[in-house]
Amino acid sequence: MRPLDARLVREVPAVRRYLGACGVLALASAAAIIAQAALLGRIVSGAFLGHEDLGTLTRPLVALAAVSVARGLLGWAFESGGALTAATTLATLRVRVLAHLVRARPGGLGAMQAGEVAGAVLDGADALEPYFARFLPQLALAMVIPPVLLVWVALHDLTSAIVLACTVPLIPVFGILIGKATEHATMRRWRALSMLSTHFLDVVRGLPTLRAYRRGAAQTDAIATYTDDYRRATMATLRIAFLSAFALELAASLGTAVVAVELGIRLVHGSVALATAFAILVLAPELYAPLRTASAQFHASADGLAAAGRLFELIDLEAPEQVGAAVPEAGVLRLERVGVSYPDRGRVLDGAELELRPGERVAIVGPSGAGKSTLLALLLRFVEADAGRATVGGVDLATVDAAAWRRQLAWVPQRPLLEPGSVADAVRLGAPTAVSFELTAALAAAGLTVRLDADVQTLSAGEQRRVAFARALLRDAPLLLLDEPTAHLDAQSADTIIDVLEALPRTRTVLVATHDPRVLRVADRVLELRDGRLEALEPAEAA
Amino acid sequence: MSRRFAAAIALSTLTLASGAALLATSGYLISRAAARPDILSLTVVIVGVRFFALARAVLRYLERLVSHDASFRYLSRVRVRFFTRLEPLVPDEVGGARIGDLLSRFVADVDALQHLLVRVIAPPVAALVVGLGAIAVAVALSPAAGLALAAALAVGAVVIPLAVVGFARAAARRRPAERAALAAGVIDLLDALPELVAYDAADDRLRRLARAERQVRQSALRQALAAGGGDGAVLALGGVAAAAVLAAAVPAVRSGSLGGVMLGLLALLTLAVFEGVRALPQAAEQYVATNTAATRLNALTAREPAVVDPARPRVLGGAPALRLEDVHVRYGPDEPWVLDGVDLTVAPGRSVALLGASGAGKTTLAHLLVRFRDPDLGRVTLAGHDLCEYTQDDVRRTVALAGQEAHLFATTIRENVRLARPEAGEDELVAALRRARIWKWVESLPDGLDTAVGDEGGLVSGGERRRIALARAFLSGAPLLVLDEPTAHLDDETAAALLDDLLDEAGGDGLLLITHSPLRLERFDTVLELVDGRLAQFSPGSSSTMRSGRRVGSSERT
Numbered sequence: 402m403r404p405l406d407a408r409l410v411r412e413v414p415a416v417r418r419y420l421g422a423c424g425v426l427a428l429a430s431a432a433a434i435i436a437q438a439a440l441l442g443r444i445v446s447g448a449f450l451g452h453e454d455l456g457t458l459t460r461p462l463v464a465l466a467a468v469s470v471a472r473g474l475l476g477w478a479f480e481s482g483g484a485l486t487a488a489t490t491l492a493t494l495r496v497r498v499l500a501h502l503v504r505a506r507p508g509g510l511g512a513m514q515a516g517e518v519a520g521a522v523l524d525g526a527d528a529l530e531p532y533f534a535r536f537l538p539q540l541a542l543a544m545v546i547p548p549v550l551l552v553w554v555a556l557h558d559l560t561s562a563i564v565l566a567c568t569v570p571l572i573p574v575f576g577i578l579i580g581k582a583t584e585h586a587t588m589r590r591w592r593a594l595s596m597l598s599t600h601f602l603d604v605v606r607g608l609p610t611l612r613a614y615r616r617g618a619a620q621t622d623a624i625a626t627y628t629d630d631y632r633r634a635t636m637a638t639l640r641i642a643f644l645s646a647f648a649l650e651l652a653a654s655l656g657t658a659v660v661a662v663e664l665g666i667r668l669v670h671g672s673v674a675l676a677t678a679f680a681i682l683v684l685a686p687e688l689y690a691p692l693r694t695a696s697a698q699f700h701a702s703a704d705g706l707a708a709a710g711r712l713f714e715l716i717d718l719e720a721p722e723q724v725g726a727a728v729p730e731a732g733v734l735r736l737e738r739v740g741v742s743y744p745d746r747g748r749v750l751d752g753a754e755l756e757l758r759p760g761e762r763v764a765i766v767g768p769s770g771a772g773k774s775t776l777l778a779l780l781l782r783f784v785e786a787d788a789g790r791a792t793v794g795g796v797d798l799a800t801v802d803a804a805a806w807r808r809q810l811a812w813v814p815q816r817p818l819l820e821p822g823s824v825a826d827a828v829r830l831g832a833p834t835a836v837s838f839e840l841t842a843a844l845a846a847a848g849l850t851v852r853l854d855a856d857v858q859t860l861s862a863g864e865q866r867r868v869a870f871a872r873a874l875l876r877d878a879p880l881l882l883l884d885e886p887t888a889h890l891d892a893q894s895a896d897t898i899i900d901v902l903e904a905l906p907r908t909r910t911v912l913v914a915t916h917d918p919r920v921l922r923v924a925d926r927v928l929e930l931r932d933g934r935l936e937a938l939e940p941a942e943a944a
Numbered sequence: 083m084s085r086r087f088a089a090a091i092a093l094s095t096l097t098l099a100s101g102a103a104l105l106a107t108s109g110y111l112i113s114r115a116a117a118r119p120d121i122l123s124l125t126v127v128i129v130g131v132r133f134f135a136l137a138r139a140v141l142r143y144l145e146r147l148v149s150h151d152a153s154f155r156y157l158s159r160v161r162v163r164f165f166t167r168l169e170p171l172v173p174d175e176v177g178g179a180r181i182g183d184l185l186s187r188f189v190a191d192v193d194a195l196q197h198l199l200v201r202v203i204a205p206p207v208a209a210l211v212v213g214l215g216a217i218a219v220a221v222a223l224s225p226a227a228g229l230a231l232a233a234a235l236a237v238g239a240v241v242i243p244l245a246v247v248g249f250a251r252a253a254a255r256r257r258p259a260e261r262a263a264l265a266a267g268v269i270d271l272l273d274a275l276p277e278l279v280a281y282d283a284a285d286d287r288l289r290r291l292a293r294a295e296r297q298v299r300q301s302a303l304r305q306a307l308a309a310g311g312g313d314g315a316v317l318a319l320g321g322v323a324a325a326a327v328l329a330a331a332v333p334a335v336r337s338g339s340l341g342g343v344m345l346g347l348l349a350l351l352t353l354a355v356f357e358g359v360r361a362l363p364q365a366a367e368q369y370v371a372t373n374t375a376a377t378r379l380n381a382l383t384a385r386e387p388a389v390v391d392p393a394r395p396r397v398l399g400g401a402p403a404l405r406l407e408d409v410h411v412r413y414g415p416d417e418p419w420v421l422d423g424v425d426l427t428v429a430p431g432r433s434v435a436l437l438g439a440s441g442a443g444k445t446t447l448a449h450l451l452v453r454f455r456d457p458d459l460g461r462v463t464l465a466g467h468d469l470c471e472y473t474q475d476d477v478r479r480t481v482a483l484a485g486q487e488a489h490l491f492a493t494t495i496r497e498n499v500r501l502a503r504p505e506a507g508e509d510e511l512v513a514a515l516r517r518a519r520i521w522k523w524v525e526s527l528p529d530g531l532d533t534a535v536g537d538e539g540g541l542v543s544g545g546e547r548r549r550i551a552l553a554r555a556f557l558s559g560a561p562l563l564v565l566d567e568p569t570a571h572l573d574d575e576t577a578a579a580l581l582d583d584l585l586d587e588a589g590g591d592g593l594l595l596i597t598h599s600p601l602r603l604e605r606f607d608t609v610l611e612l613v614d615g616r617l618a619q620f621s622p623g624s625s626s627t628m629r630s631g632r633r634v635g636s637s638e639r640t
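Protein sequence lines correspond, in order, to chains A and B.
Just so you know, the first sequence maps onto residues 402 to 944 in the working numbering.
Just so you know, the second sequence maps onto residues 83 to 640 in the working numbering.
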């Protein structure tokens with residue numbers, strides 16, 4: 402378990418800057434702490450042994466107050482800097498992860514995975530925040546303050562420095578030793594804690610189901626038993642896990658006591674000055690404090706790094722290289738023995754051949770799962786061919802700039818999903834500069850009369866499909882890709898869509914994947930996708 | 083408050099007091115020593131220093147153990163208390179479309195209460211007791227110094243935490259809206275990713291998200307400045323207080339009313355007490371968080387259950403036909419009617435398909451049938467008597483609902499299905515799964531029935547989840563089945579086969595199928611559509627209520 406992830410520092414500039422700032426702030430804090438201690442020693446000694454009055458002590462008193470205020474300001478900068486870094490890092494990572502997903506998974510993530518990604522991207526915040534806001538600043542303080550204070554003490558009183566130098570390292574050493582011994586128990590404890598809260602969450606989220614099957618009230622006892630079981634198990638491990646904290650506490654307390662006693666005895670012998678002794682006594686707890694706090698925050702580091710790790714996993718998803726060959730004007734689209742396979746589905750396209758000339762209407766038929774949507778995804782550059790190649794105007798599609806190529810396409814997916822917003826916005830996605838009468842006309846062509854400012858969420862699924870169809874019609878793109886345009890539509894709406902397809906000018910090429918025999922009547926040719934290959938069907942066979 | 087709570091707080095106070103005593107006696111020790119007395123005269127003080135050092139470490143260990151134990155016990159109590167209050171309210175008094183989010187927040191809120199003792203109550207009590215003790219010591223030595231310490235503590239322990247509470251409240255009001263906007267942006271992007279990429283709009287959405295991020299960052303900065311300000315102010319105040327106490331004590335030393343040997347004690351006592359005060363700004367922030375959670379929980383669970391069991395329930399007998407008679411439902415006195423005069427019969431041996439656009443009230447209708455809610459007007463009868471006359475358990479033993487919100491628990495497939503009838507045997511379990519057309523899949527899994535489905539069924543697909551929930555309804559043995567969209571997420575062939583099986587094997591069961599899909603409608607005895615709160619015979623030409631769910635943000639997550 403490393404306290405700091407090198408990659409986090411490398412990838413997010415804000416972290417690097419913050420770590421630098423932490424070092425500087427920690428040094429300044431150390432200076433303020435020393436000044437506070439020295440001034441206290443000066444004042445106490447001056448008033449007690451030197452019999453000074455307020456007249457001569459005013460300056461050190463004011464200085465003490467001023468140094469304390471400075472220390473407070475440094476503490477403020479520390480805390481707010483940490484929270485700001487947390488927010489900045491998270492924002493940076495989040496946008497980076499999403500931008501990468503757009504490149505690596507343009508065809509979408511699938512519902513379950515999208516939920517997971519949304520969780521990692523959004524809720525990871527809660528875990529990373531304490532890491533930056535609390536653990537990292539404490540780590541910087543723990544690494545800078547004890548050595549600096551120790552050097553000052555050594556310069557003024559070597560004996561005390563030796564005593565402190567012997568006890569201070571005990572804290573990390575104890576911490577590591579006991580940490581190792583209890584690592585297993587501690588891990589079990591965190592797992593138990595997370596399982597504990599998961600169980601309750603599971604039961605509460607399942608309450609509607611439990612109620613429907615008359616098991617709601619029965620859960621009360623289960624919750625109490627479950628929570629109590631885990632309390633017992635957890636307390637057993639806590640008794641050991643807290644030992645490390647106890648050792649740290651003991652080393653700090655006894656260290657302070659030993660220094661006090663040692664200083665007292667040497668004061669009696671006159672071998673150390675009161676001002677120095679008092680300053681060292683004030684410094685002793687300050688030396689231990691950052692180490693104690695940092696080790697108490699250690700679990701924040703574990704949680705935070707786990708959250709960062711999940712985000713990096715997403716950033717590491719393989720993405721196709723960005724290539725930028727120009728898109729040829731209106732060429733023939735050809736598939737040459739194309740193969741596409743998925744890790745979980747195996748080979749979906751296997752030696753598929755297709756020639757699609759400008760202005761042609763071609764229908765692809767085949768049972769569900771045959772790979773019709775994959776074929777369209779290939780043309781959309783959502784997936785890449787792993788055998789053969791797709792060409793347009795003789796140029797390999799894989800070398801063409803993806804965004805420029807997609808501007809040639811208008812696509813209606815099998816299950817369109819419209820972003821929340823107005824109907825106008827949804828249609829305008831296809832043609833950002835379209836004016837409202839063009840939008841209305843496109844909607845009418847898709848057989849839909851609906852207010853442009855209507856909320857798309859209030860539309861039925863059938864209406865939403867027609868909005869997606871209108872959007873594709875309006876898009877100024879020569880190639881129209883349609884995935885089951887009439888599925889789940891009633892006969893009347895399906896007819897409207899088929900009529901529109903039939904009336905399309907021959908400047909537009911249409912490739913339609915369908916089950917629906919009615920759609921075939923608009924096709925010049927019908928191909929069947931079977932065993933990963935495309936085969937021409939006779940018109941009679943197709944109908 | 084329990085004995086353990088009191089013990090934890092006492093231990094926490096004693097720990098802080100030992101720390102203060104350790105520093106104060108140390109300061110006294112070296113001041114005494116500086117006057118170079120006989121070393122033997124210091125023995126008592128030295129023993130005191132060592133004692134307080136040991137005591138602090140031991141007390142701290144005990145305090146952590148006792149307070150964690152008390153927190154866990156408290157957690158168990160609040161979970162049971164709020165769960166008991168929540169249970170009769172689900173699903174119709176709590177929730178609606180966002181019920182999943184609401185329940186998750188309920189859990190987060192309940193769990194937030196466990197920190198009440200350790201983070202909210204104990205620090206101020208300890209700081210207050212030790213602070214008052216320190217003031218008493220200081221006043222006894224020098225009234226002026228005592229006054230200075232009291233003034234500094236008043237600022238540090240009262241004024242600053244109150245200011246933090248004010249800031250934290252303001253931030254707590256703003257933050258959820260900004261978080262929600264960001265979350266909506268992320269979810270919409272992930273949901274609509276293919277369309278956005280195909281239409282070249284993904285980069286624009288990313289830019290919009292970056293803007294939302296900047297907004298969140300702005301308010302995070304504001305909040306951080308406020309929280310860090312509280313912490314820094316207490317840190318500064320500790321040193322300033324030491325200076326003030328010394329400034330007040332020095333004239334007393336000059337006038338002889340205070341021994342100079344006590345100056346060190348006073349200075350270090352002040353610093354040590356402020357160690358305890360440093361926990362207060364955070365306690366104040368935590369107080370706001372805990373308080374917000376408690377307020378939400380009380381508001382949520384204060385509602386009256388919509389449905390209660392009768393004092394003398396009727397015994398259910400005979401062939402149970404379920405009938406809605408002129409039923410009206412609305413969500414509030416000024417809201418429009420969601421169901422506006424619905425008549426419907428679900429009887430053994432009959433199958434009814436019900437269509438309707440999203441939000442038309444189909445789920446509300448289903449909830450009436452299992453008595454999750456009662457109608458506002460009209461009545462629901464079972465075997466000829468009003469549903470209100472039976473116990474809810476009897477109703478739900480007769481009518482099984484496999485709802486859209488069917489939840490898979492983080493356990494095995496076996497336990498998830500057996501939930502409907504724990505006493506069912508293995509063969510009945512297999513039969514139910516087979517009827518839901520999922521047994522083949524279960525059988526093909528290496529662990530079969532003992533396969534874990536993951537948190538919230540995360541390891542199974544949407545279609546598998548629906549079918550496991552369906553098997554649950556079959557296993558329940560209820561003679562009337564209400565199935566809400568069982569074929570969502572299935573391809574047409576599987577969906578059609580599932581419906582065929584359902585109808586072929588219904589036997590004497592009564593069936594109400596709620597659906598968007600036009601598949602196999604011709605095989606149902608009755609096909610109805612819910613339009614504008616009323617039921618009408620379904621006519622295919624006029625309808626367009628089919629809907630396919632792929633959205634992660636809403637339906638998929640519940």
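Honestly, I wouldn't trust all of these hints.
[Unchecked claim] If you want a taste of the chain B side facing chain A, the calculated C-beta under 8 Å gives, among others:
no.	residue
1	Y281
2	A306
3	G431
4	R479
[Claimed, not checked] Covered by chain B, according to a simulated footprint, are these stretches of chain A (three or more residues, beta-carbon under 8 Å):
no.	region
5	415-422
6	544-558
7	899-911
[Stated by the list, open to error] What follows is a set of in silico ranges between Cβ atoms, one per label pair, in the way DEER data are often shown:
no.	chain 1	residue 1	chain 2	residue 2	range
8	A	T459	B	A218	23 to 31 Å
9	A	R640	B	D458	54 to 62 Å
10	B	R261	A	A788	40 to 48 Å
11	A	G747	B	E417	23 to 31 Å
12	B	D586	A	F713	45 to 53 Å
13	B	A218	A	T457	56 to 64 Å
14	A	T457	B	A236	27 to 35 Å
15	A	D630	B	E417	42 to 50 Å
16	B	T473	A	G747	16 to 24 Å
These are computed hints drawn from the structure, not numbers from a lab.
Small disclaimer: the values here were computed from a predicted structure and weren't measured.
Glycine is no exception: its CB is placed at the ideal position from the N, C-alpha and C atoms.
Original post:
CB of D630(A) to CB of E417(B), is that within 42 to 50 Å?
Top reply: 45 Å, holds
Beta-carbon spacing of D586(B) to F713(A) - inside the hinted bounds 45 to 53 Å or not: 52 Å, holds
Taking the beta carbons of G747(A) and E417(B), is their distance inside 23 to 31 Å? 53 Å, violated
| said: Using the nearest Cβ pair, does R479(B) come within less than 8 Å of chain A? | reply: 7 Å, holds
Please check whether the region 544-558 of chain A has three or more residues whose CB lies within less than 8 Å of a CB on chain B.
Contact hint for the region 544-558 of chain A vs chain B: violated, 0 residues under 8 Å.
- Message: 56 to 64 Å was suggested as the range; check whether the CB atoms of A218(B) and T457(A) agree with it.
- Response: 31 Å, violated
Take the region 899-911 of chain A, compare each residue's beta carbon with every beta carbon of chain B, and decide whether three or more fall closer than 8 Å. Since three or more residues must qualify, the claim that chain B covers the region 899-911 of chain A is violated, with 0 doing so at under 8 Å.
Q) Quick one, is the G431(B) hint okay against chain A at 8 Å, beta carbons? A) 23 Å, violated
Using Cβ atoms only, decide whether A306(B) comes closer than 8 Å to chain A, and label the hint accordingly. 3 Å, holds
Quiz item: Between T473(B) and G747(A), does the beta-carbon spacing fit 16 to 24 Å?
Solution: Hint violated: Cβ distance 53 Å, outside 16 to 24 Å.
Whether the CB-CB distance between R261(B) and A788(A) falls inside 40 to 48 Å
For R261(B) and A788(A) the Cβ distance comes to about 46 Å; the hint holds.
8 Å C-beta criterion, at least three residues: is the region 415-422 of chain A covered by chain B | Coverage by chain B is violated here, the residue count being 0 at a Cβ distance below 8 Å.
Checked against the numbered hints listed earlier, the structure breaks hints 3, 5, 6, 7, 11, 13 and 16; every other hint is satisfied.
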